[in-house]
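K.L.:
Take a look at the letters that make up each chain.
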Amino acid sequence: MSIENIELIEKSLKSKKIQEFEIYFVEQEIYETEFLKNKIDAEREVKDIDYVIRILTQKGNETGIGIVKGNALNSKEIENNIDICLILSKENIGSKYHFPGISSISPIKTADQSILKDPIGFKKDISEEIREKIDGHKEVSPTFGRFRLHIQNKYLKNSTGLDLGASKTFFYIEMALKAQENGKLSAESWEIEYIKEKEHLNIERSVNKWAKIALDTLKAKIPKPSTQAIVIFPPNVLKNAINPVIGFHASGKAYHEKVSTLNVDAKIASDTFTLLDDGLLKGGLMSSSWDGEGNPHQMNEVIKNGIFKNRLYDQKFAIMGNTDSTGNGIRIDDGSVINSISNLEILPGDIAKEEMISNIKEGFFIEKCSWLNPDRFSGSFGTEIRNGYFIKNGHLEYPIKGGNISGNVLEMIKNCHYISKEREFSLNSLFPYIAFKNLSISS
Amino acid sequence: MIDKSDDEILLIFEEISNNFKRSNQYFDILYDSTSIVRITKSRSEETISVNAKKSGIVARTLLDSWHELAFQDESDLKNITKKLPKGTDKGDAIAEYDGWKINKEIKTKIDPSTIPMNEKIKKVRELFDYIKNYDKRIINPIVGYGEGLLTRIFVNNEGCQLRQVLPRIRLFIQPVAKEGSKIDFDYFSIGAEQGYELIDEVFNKNLDQIIQNSLDMLKAENPPSGKIPIILDADMAGLIAHESFGHGLEADQVLRDRSYLKEYLGKKVASDICVICDAPNIDGQYGSYFFDDEGIRAGKNILVKNGILKDFIHNRRTASVLNSVPKGNGRRESFAHPVFVRMTNTYFEPGDYKIEEMISEIKNGVMLIRGYFGMEDPLGGGMQCTSKKGYLIENGEKTKLLKSITLSGSVLELLQNIDAISDDELSLRPGTCGKGEEDFVPVTSGGSYVRVKSALISPG
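Sequence lines, in order, name chains D and P.
The numbers in the first sequence follow our numbering, run straight up by one, and end at 443.
The numbers in the second sequence follow our numbering, run straight up by one, and end at 460.
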C-alpha cells in the first residue's frame, strides 16, 4: 500500500518535471491501554499516515527548499501539494543543499517480528502483566497509567536514487503509584518512559522500583541547603541535563550560529567522561540504519576522556562546513529536518553504584526532578526535587522531596566525581549513574 | 485524508451514530482537520513548511470502559460499526445531556490565507533583518511565524451536530545576544484566534523593546536563593494558575485519587483576594473555542472565588461522576490523540492594587518576569515554575536585572500568601500545554501582577 502511494507521488513529481525531490512517508499504528486506578479505562487503536514532500530549487550558491506535509492520497490533492511545495522552494533562500545519494548503510533490526504478528495480543498481555504486578503491591495503589505500542514503517525516496525503508516497534509506559499513610498523607512515583526493546520492558522490576520510591517519599524530608553538594544523577535525570545542552553545543548548527562554546580538541569534561552519539545503538529509541534525510547512521565520538572530539552534522551543516554528514539529520513534526542528536551513550565507569554511594560522606541521590530543563545556551538549570535521598556516611540516610537543585551542565561535566559501571536506557540515551560535585541545593 | 465536504461528513457521522442507541451506550465521532503554515528564520536557516489540511476521524463508545478507533483513511469508516462494541445498558457512568447544534467559523480582520506566501516570508525576513542590524551583539535573531486553521465536526448519539472553524496565529521572536563569552536572550511570543493583523501590530509597536530586553540580559545578575517576598508578573501569575494549581484541579486527577485538591472543594485554598478562572469562551484567545472535543459548549469556570475552591475542571465523565456541569474542557491534540480534561484560558482576575504601591512596600524582594516553563505535581501540590528573568527589589524600588529564577515549594502556601493583586488589565499569553509530557493543546494563561508575602526562589 505504502509503496504504491509513494510511486503515485513520485509519478506526479516526475510528470511536473521536478528535478530534485524527496518523499518521506510514515505509516503508524498505535495500540494503547489506559488505566484508571487498577482497571482498564480505555482501549485505543490509531492508524495514521503522513507524507512529506521536499523539493529543491537551486539558485547559484543558494538552495531553496520547499516542504509540504499531508495525508491526502488522491491525485488532485497530491498535485496541489506538489505545486505548493514548488512555490515554497522558489521563495525559500538557504545555504547550498542537495539530497544525499546512495551510500553504504548498516542494516539493523528495529522491529520485533513477534509483535508485528499480533500487536493487539502483545498489548493485552503487557497490560495484564502491569495490572497483575501492581496488584501484587498491597502497600501502594495505582492512580492511573498508560501502556502504548507503536509500530512505525518509514520510507524515504529521493531524486538521487535513494530508496529506503525501515520498520520499528517501540513502547510508551506512564504509571503513577501512590503510597498513603493514615488515609491522608500521600506520596507518589510518577514514571514516564519510552522504551525501544521488549527485553527492557521489565515490568516486575520497574513496578518494584516505583513502589519503593512512592513508599520512601512518604517519609521524605525537605533537603537541607548546600552550596557544594555531591549529587548522584541516575540515567533518566541525567539525559534531561546532557541531551539538550551537550547535544546542542556539539551540533554543526550551533557552531555555524556562533553559539557553541565547545572547541574541537579542547578539554571540556572530566577525564573519565566519554560521550558517543550512536544512531545504530542496539536498544536506542532513535536507532535506525539511516537518519531523517537518508544518510547512514553511525557511531560518533563526541567527547573522549574529557576532550571534545567531533561535531554532529546533518546534510545542510555538513555541506556548509565542507565535511560529511554524521547522520544527525532528525525529521521533526512539521516535516523539516533539524541538526540534532540520535542516541547518546556515556561510557561506563569502574565503580558499582552501591560502592559510589558508600564512598560519599554527605550528598544527595536524585530519583526524579520536577523538570530539569536547562537553558541550552548557558547550560544553567534550577529544578525542584520530586523524589530522592540524602546520603550520609555512605548510606541513603532518608528520603527527600522538595527544595531546588541548581547548577550548570557545562560545568557539571567537568566535575564528575564517580561514574557507575551500571548503565540504563532512558529515551534515546544509555547512561550510567554519575556523581557530580559542586551543585547547589536550596530549600 | 477524508475527501468529503463538511456537510457530507455531518451526514455520514449521523448515519454511523444511529447504529449506537443512547439508551444502550454513549457514542461520539469527531472529524479533525488542520492546515498549518510555519516560517522560521535564524542566522543559519530559513525553513518554510506547509501542513496541507491533514485530517482524520476518531470515534468512541463507552461501555464498561472507553473503546476508541482513530484513522485518516475514509475507507476505515466502515470499521466503526464493525469494531466498536455494542451495549445493551447505558449504565450511569456518564450523564445524558441535551443535544445541540452549532456551525461557526471565526472570521478574521485579515485572513492569513489571502496574504501571498512571499509577503509572509518577506515580513519574517524584515523582522529578522531589523533585529540583526539593531546591534552587533545580536548574534542570532530567531523569528518564528505560524498560522493554523482548525476544523472540527462533532456528532454524538445525544443529537449534537457541531462544526467550528478556528484560525490561530502566532509569532515568536528570540534575539540571542552575545558579549564576550556571555550568551543570553529574552523572548517575545504573541498568539491569538485572530488574523494577520496581529503580526503588523508587533512590527509597529514592540520590536525595539524586544531586542533591548535581550541585550539587557547580558548584564543580568544571578538571583538570590531563599524565602523572600516576591511579585509575579502576569505571565508568571498565569504559569502558577495553570501549571501548579490548575493541573491539580483537572477532575480526571480527582477520579484517579491523584489530586491534592480533592478534599478542598468549598474550602479555602488561597487568600481572600484571589479569583482564578478557566474560560474557553473568551473571544479571540489562543485557547478558545465554541465546543470541546466531547461536544460540550464552552463556558466560564470560576475555580476560586474569594479564596474558596468553587469547582474542578471537568470533562463529560468527571462532571457526571462528581455532579458538576462541564464547561468544555475535554480536549484532544488531534484525532490521533486521546481526550483528557484540559485547561484553556486560565488566569487570576485583576485586583485593585497599583503595581507601584506593591513594589514600594517591599524592602528586600524579587520580581519574577516572563513565565518560562513549569511542571505540575497534581498529587503532591509541589511547584516548579521558572521565570526567564526578574528584578531585585530593594527598599521599595526595582533595581538590578536578574537571570532566570525558579520558584518552588507548596502551591497552596503560595496562594494563601498572596497579599496584593494589581489592577492592570488582564493579560493572557499563548502557549501549548501537555498532559504529563505529551498531548499538547493551545492554551493561554495570565492575570496581572501578584504579590506573595514569602516564597522559595533559587537560580533557574
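Quick caveat, the hints were computed from the structure, so don't treat them as lab data.
Each hint should be verified, as a subset may be incorrect.
No farther apart than 27 Å at their CA atoms in a straight line, the calculated lysine-lysine pairs in the DSS-like style are these [claimed, not checked]: (1) K120(P) <-> K16(D); (2) K4(P) <-> K96(D); (3) K219(D) <-> K82(P); (4) K122(P) <-> K59(D); (5) K453(P) <-> K224(D); (6) K398(P) <-> K37(D); (7) K219(P) <-> K414(D); (8) K212(D) <-> K453(P); (9) K182(P) <-> K267(D); (10) K392(D) <-> K414(D); (11) K83(P) <-> K168(D); (12) K53(P) <-> K39(D); (13) K86(P) <-> K39(D); (14) K221(D) <-> K227(P); (15) K453(P) <-> K221(D); (16) K403(P) <-> K224(D); (17) K124(D) <-> K268(P); (18) K117(D) <-> K82(P); (19) K53(P) <-> K78(P); (20) K90(D) <-> K78(P); (21) K221(D) <-> K262(P); (22) K90(D) <-> K219(P); (23) K53(P) <-> K17(D); (24) K83(P) <-> K47(D); (25) K258(D) <-> K122(P); (26) K59(D) <-> K453(P); (27) K262(P) <-> K37(D); (28) K132(P) <-> K122(P); (29) K59(D) <-> K267(P); (30) K178(P) <-> K309(D); (31) K11(D) <-> K120(P); (32) K96(D) <-> K136(P); (33) K78(P) <-> K76(D); (34) K267(P) <-> K120(P); (35) K453(P) <-> K96(D); (36) K109(P) <-> K304(D); (37) K178(P) <-> K59(D); (38) K122(P) <-> K90(D); (39) K403(P) <-> K47(D).
K.L.:
For every hint, state whether the structure bears it out.
P.N.:
Status of the hints after comparison with the structure:
1. Between the alpha carbons of K120(P) and K16(D) the distance comes to roughly 26 Å, so the proposed pair stays at or under 27 Å and holds.
2. Annotation: proposed proximity of K4(P) to K96(D) is violated, straight-line Cα distance about 41 Å (limit 27 Å).
3. This hinted pair does not check out: K219(D) and K82(P) have alpha carbons roughly 51 Å apart, beyond 27 Å.
4. Pair hint K122(P) plus K59(D) holds up; C-alpha atoms about 18 Å apart against a cutoff of 27 Å.
5. Distance check on the hinted pair: K453(P) and K224(D) sit about 22 Å apart at the alpha-carbon level, within 27 Å; holds.
6. As the CA atoms of K398(P) and K37(D) are separated by approximately 49 Å, the hinted pair breaks the 27 Å bound.
7. A threshold of 27 Å between alpha carbons decides the hint, and for K219(P) with K414(D) the separation of about 25 Å falls inside it, so the pair holds.
8. The straight-line distance between the Cα atoms of K212(D) and K453(P) is roughly 37 Å, outside the 27 Å bound, and the hint therefore fails.
9. Among the hinted pairs, K182(P) with K267(D) is consistent with the structure: their alpha-carbon atoms are about 19 Å apart, no more than 27 Å.
10. Pair hint K392(D) plus K414(D) holds up; C-alpha atoms about 24 Å apart against a cutoff of 27 Å.
11. In summary, the hint linking K83(P) to K168(D) is supported, as the alpha carbons are separated by about 26 Å, within the 27 Å threshold.
12. A threshold of 27 Å between alpha carbons decides the hint, and for K53(P) with K39(D) the separation of about 37 Å lies outside it, so the pair is violated.
13. Between K86(P) and K39(D), the direct Cα distance comes to roughly 20 Å. Compliance with the 27 Å bound is thereby established for this hinted pair.
14. A hinted pair counts as satisfied when its Cα atoms are at most 27 Å apart, and K221(D) with K227(P) qualifies at roughly 17 Å.
15. Of the pairs offered as hints, the one joining K453(P) and K221(D) holds, with about 24 Å between alpha carbons and a cut-off of 27 Å not exceeded.
16. At roughly 24 Å between alpha-carbon atoms, K403(P) and K224(D) fall within 27 Å of each other, so this suggested pair holds.
17. For the hint pairing K124(D) with K268(P), the CA-to-CA distance comes to about 44 Å; that exceeds 27 Å, so the pair is violated.
18. About 21 Å separates the Cα atoms of K117(D) and K82(P), which keeps this hinted pair within 27 Å; it holds.
19. As the CA atoms of K53(P) and K78(P) are separated by approximately 23 Å, the hinted pair is consistent with the 27 Å bound.
20. The hinted pair formed by K90(D) and K78(P) fails the criterion: a straight-line CA distance of about 42 Å is larger than 27 Å.
21. As the CA atoms of K221(D) and K262(P) are separated by approximately 23 Å, the hinted pair is consistent with the 27 Å bound.
22. For a cut-off of 27 Å, the pair hint linking K90(D) to K219(P) is broken: about 42 Å separates their Cα positions.
23. About 25 Å separates the Cα atoms of K53(P) and K17(D), which keeps this hinted pair within 27 Å; it holds.
24. A C-alpha spacing of about 14 Å is found between K83(P) and K47(D), which places the hinted pair at or below 27 Å, so the restraint holds.
25. Distance check on the hinted pair: K258(D) and K122(P) sit about 25 Å apart at the alpha-carbon level, within 27 Å; holds.
26. This hinted pair does not check out: K59(D) and K453(P) have alpha carbons roughly 61 Å apart, beyond 27 Å.
27. Note on K262(P) and K37(D): the hinted pairing holds, with a Cα-Cα distance of about 15 Å set against a maximum of 27 Å.
28. Restraint check for K132(P) and K122(P): the C-alpha separation of about 15 Å stays at or below 27 Å, so the hint holds.
29. Pair hint K59(D) plus K267(P) does not hold up; C-alpha atoms about 67 Å apart against a cutoff of 27 Å.
30. Only pairs whose Cα atoms come within 27 Å are accepted, and K178(P) paired with K309(D) is accepted, the gap being roughly 25 Å.
31. Between K11(D) and K120(P) the CA atoms are separated by roughly 31 Å; this puts the pair beyond 27 Å, and the hint is violated.
32. Note on K96(D) and K136(P): the hinted pairing holds, with a Cα-Cα distance of about 26 Å set against a maximum of 27 Å.
33. Between K78(P) and K76(D), the direct Cα distance comes to roughly 24 Å. Compliance with the 27 Å bound is thereby established for this hinted pair.
34. As the CA atoms of K267(P) and K120(P) are separated by approximately 51 Å, the hinted pair breaks the 27 Å bound.
35. At roughly 57 Å between alpha-carbon atoms, K453(P) and K96(D) are farther apart than 27 Å, so this suggested pair is violated.
36. Distance restraint check for K109(P) and K304(D): the Cα-Cα separation of roughly 57 Å exceeds the 27 Å cut-off, and the hinted pair is therefore not satisfied.
37. This hinted pair does not check out: K178(P) and K59(D) have alpha carbons roughly 32 Å apart, beyond 27 Å.
38. Straight-line distance between C-alpha atoms of K122(P) and K90(D) comes to about 13 Å, which keeps the hinted pair within the 27 Å bound.
39. A threshold of 27 Å between alpha carbons decides the hint, and for K403(P) with K47(D) the separation of about 45 Å lies outside it, so the pair is violated.
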